[in-house]
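Each chain is listed here by its residues.
2 protein chains.
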Amino acid sequence: MAKALITTVPFGDKNRLPLEMLESAGIQYLINPHNARLNENQLADLVTDFDVIIAGTEKITDKVMARASRLKLISRVGVGLDGVDLMAARTRGIRVSYTPEAPAPAVAELTLGLMISLLRSVHVANAQMHQGKWQRIFGRRLAEVTIGVIGVGRIGTRVLRRTRGFGTPRILVNDLIPNYELSREFKLEWVTKEQIYEQADIITLHLPLTRLTKNMIRREQLMSMKRDAMIINVARGGIISEPDLAEVMKSGHLSGAAIDVFEHEPYSGPLAEIDRCLLTAHMGSMSVDCRTRMEIEATDEAVRFLTGKALASEVPEVEYEVQSQGL
Amino acid sequence: MAKALITTVPFGDKNRLPLEMLESAGIQYLINPHNARLNENQLADLVTDFDVIIAGTEKITDKVMARASRLKLISRVGVGLDGVDLMAARTRGIRVSYTPEAPAPAVAELTLGLMISLLRSVHVANAQMHQGKWQRIFGRRLAEVTIGVIGVGRIGTRVLRRTRGFGTPRILVNDLIPNYELSREFKLEWVTKEQIYEQADIITLHLPLTRLTKNMIRREQLMSMKRDAMIINVARGGIISEPDLAEVMKSGHLSGAAIDVFEHEPYSGPLAEIDRCLLTAHMGSMSVDCRTRMEIEATDEAVRFLTGKALASEVPEVEYEVQSQGL
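Chains as they are written, first to last, in my numbering: chain C, 429 to 755; chain V, 429 to 755.
Treat the hints with care, as some may be off.
The list cannot tell twin chains apart, which means a pair is met if one copy fits it or any two copies do.
What the hints assert, rightly or not - Calculated lysine-lysine pairs in the DSBU-like style (CA-CA distance at most 30 angstroms, straight line):
no., residue 1, residue 2
1, K431, K621
2, K442, K561
3, K642, K678
4, K678, K431
5, K561, K487
6, K500, K487
7, K654, K442
8, K561, K678
9, K737, K442
Calculated directly from the structure, the hints in this document are not laboratory data.
These numbers were taken from a predicted model, which means no experiment stands behind them.
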């Protein structure tokens, strides 16, 4: 009997359909019994007997795959592939699918909410009010600032779309390959990352975690930002150096940061000591509709594969190239 | 020498221009020495010797005016007139101006930010993360909910404009007099307040405080809302009964509330004990640009009046009717 290991949690929580899809296809499944992101050893111990992993952001290394003698498909619930050693998977004949479109609307909307919260110090005021302190804090509107978007793919583009109607006068964008098509839809300035660091008032990252983006923003980059700049990371933990961000903010630099993703999750660390650092628990894609769509699409891939049908959303060659070349 | 009492604080803080306008017109001024919203007695004690009040949201009652024998103009920094006894002012020959347009963009933008924060439990997650707790909380997108807007004047209309691009499928609106012109610009359903209470997932208020709206939302109205509904008040304290809101939320009803305005400010009270209640310190208009514009416009009225020019933004007759008839 075909068996699927579901590592991402929660799963089937708000909508049981993905579990029913597995059940009606006669596929046995196990949901991650640790109920938290698995480390390499935990996953290696669990994975031995499964044909498919319906996977989250945990690391699926060559060592893990070596223990998974039956494994033939990794179906990612979500878009980031930084956890999956794609080359090892290819060598072992393990195919990889993902759900690249599904999380984007939820991540983009949260980004806008975080921008406004940072600009208006909503998180700081809320903490103060709950402590009985009343302080009317000045903020800025999106119409008063320069936004910098690093990475304008599926999510970054949707962020741009949602800033419409807020009247932002200047939007700086950067990507590996500028997509000048976007300039027809939006008034953008294609600039270097360094120009974004130096000129933007609020910077948001919508990049995959790769060798090139790992620790892309360290002390040097943070210090090159305006003293009252703000930065948002809803992309992947590790793109901003967490110790550097904490140190720089504790020194008084930057007026705010919103961090949803962390190098090690669950996160605990010095960012939690900084009031103007707005922290959320990897909730970018956690809207009921987007999460349900992600789970259904990833489960559908598992069912298609295990019932002999063609995969619908296999990871394209470019993702292998990005990972192997460390782009 | 002409003298102006500035009661609203902070004033001239981010931009000194309003103070310079007074200085270069040879107008003496005093900024509220209590540095907090004045009560009736404090204001009555202060006001005796001034020609103009550049006013905040404090109560300017007949008793206050009786002490202000020189007072000839109240120039409100902002739009709400619930603090000013308009009939008493008229009887005493005191004119009243306000700045109705200036705060609207900042209030509308904050409203959008509060909507997304509530829908995604950003405030709850942030508090948990700062306490070392990791919980990935499910939320909803604006595209998954029905929005209810009560009051679609200057601010409500701007809220509608900013929800564009978020794909909200159903927007319910209510106002004293439906403005069907708006239905050309937006897909709206004009309904009763009761229908909004019962059907909306997220309800936002953009109303003045009048006899009719005072305590408009009490226990009965709150309990008629969906169990997981959310409510936002960035309009005026007192429109929602604070004790009823606290009691209803403590009983488990409503999944969130965002309250920026309070019956007594600075606020301290039971709402601060409720984690899913997002609280801010009357910061709706507190963007640097909007606040500066409000201060400049209100100061300009004072200068115009004291230098013998016509007022540019005197409160229109309809506001007197609204207040005298308790609409």
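Hint by hint, which ones does the structure fall short of?
1, 4
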